[in-house]
Amino acid sequence: MVAVYIYEQIIPMSPSDTGNLAGNLHNNGYFFEMDDKVYFANAYDNNCLYSMNLDESKPKRLTSMGVKYISGANGLLYFYMDSTSIGKGVSGLGNATNQYGIYRCKTNGGNQTCLLRDFCGELQLCGEYIYYQVKTDNTLNKIRVDKTNKSLVSTEMISPVCYDNGIIYYTGVSSDHNLHAMYTQNGDATTIVLPGYCFFPVVQYGYVYYLNGESNYSLWRANLYSGETELITSDRVDSFSLNNQYIYYAYSNAESPALRRCTLDGQNKVDLYSGVVNSINLTSRFVYFKVYGQDDVMYHMPLDGSAPASLFIVD
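Numbering-wise (the numbering used here), the sequence shown opens with residue -11 and increments by one.
Calculated from the structure, these hints are not laboratory results. Any given hint could turn out to be false.
Straight-line Cα separation of at most 30 Å, DSBU-like style, residue types lysine-lysine; simulated pairs [said to hold, decoys possible]:
id, residue 1, residue 2
1, Lys46, Lys123
2, Lys138, Lys46
3, Lys135, Lys94
4, Lys257, Lys138
5, Lys94, Lys138
6, Lys138, Lys123
7, Lys94, Lys123
8, Lys46, Lys25
9, Lys48, Lys94
10, Lys25, Lys135
11, Lys123, Lys135
12, Lys48, Lys25
Have a look at the derived ranges for each label pair, beta carbon to beta carbon [to be verified]:
id, residue 1, residue 2, range
13, Asp125, Asp164, 34 to 42 Å
14, Thr251, Asn204, 19 to 27 Å
15, Ile180, Ser298, 42 to 50 Å
16, Gly154, Arg105, 37 to 45 Å
17, Lys135, Asn174, 35 to 43 Å
18, Asn266, Pro290, 34 to 42 Å
19, Asp125, Glu243, 17 to 25 Å
20, Arg105, Tyr213, 40 to 48 Å
21, Thr179, Tyr32, 42 to 50 Å
22, Pro183, Asp125, 39 to 47 Å
23, Thr136, Gln233, 37 to 45 Å
24, Thr251, Pro47, 26 to 34 Å
25, Glu216, Ile(-2), 42 to 50 Å
26, Thr251, Thr124, 12 to 20 Å
In this text, all values refer to a predicted model and were calculated from it rather than measured experimentally. By construction, the Cβ of each residue, glycine as well, lies at the ideal position given by its N, Cα and C atoms.
All chains, full assembly: derive it from the sequences and hints.
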């Protein structure tokens, strides 16, 4: 029994670990896919953490409090949890109403452990560390997934969510809005990747996709090897997420706002849903999103648009 206990206390980690999609985390990280399961914040249950199959069957509640910025690796989940959102039918939590911070648990919801008690913003699993924003002092920090080696990374409250192959790509906050790279396995050293006003970076296939603040927040991409930039769509974009085929984005237009989809090079543009949308999250089968003014519900539709958008209702 002692050997079993010791084994269960060992937290698996690797420098190659990567968490959720950057696009999802830019959109609050409500959905995360790992090992043929989807872990999500259930809007109908005050954003409590749930698991389900890829086809949305067999949902199961894993936490009694609301979560966001879900990530994971090696059979463990990492997320920000806030007890101001309590699951329906939950009682007897006592002091749990004061619980908040970054948590870790098994994929079945077991062994819930608070790694850090603080008011945090965006977070991402970057190798062996969780990089996270702290709202109380507007900084970026990190802590190893085994709850050790907590340290300050930057006095800027930069976003850590765009992580690829040991590098965090982020927008400068204080002195500029250039696109920077932070080398997490080289002392968190930084360099400028692209000058300008580059927001919400997402790396895919050797390109970094971003909103160009100098061009009416249109969607662009830059080749990470040549530095060459190109326009993807001249549409004004509020937010976006992408996979290896398509970009799903919130088209900002006073007359005809919509959830739109296009290929990675901007071709084959189609409207998927008419309205002001946000919180766009992707899994391998569905796109999930919220509609302005309806924060307590989530919509979904197949990635290929083979069925219209509808309310995502968890039985």
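Contradicted hints - numbers only:
1, 2, 4, 13, 16, 17, 18, 19, 22 and 26
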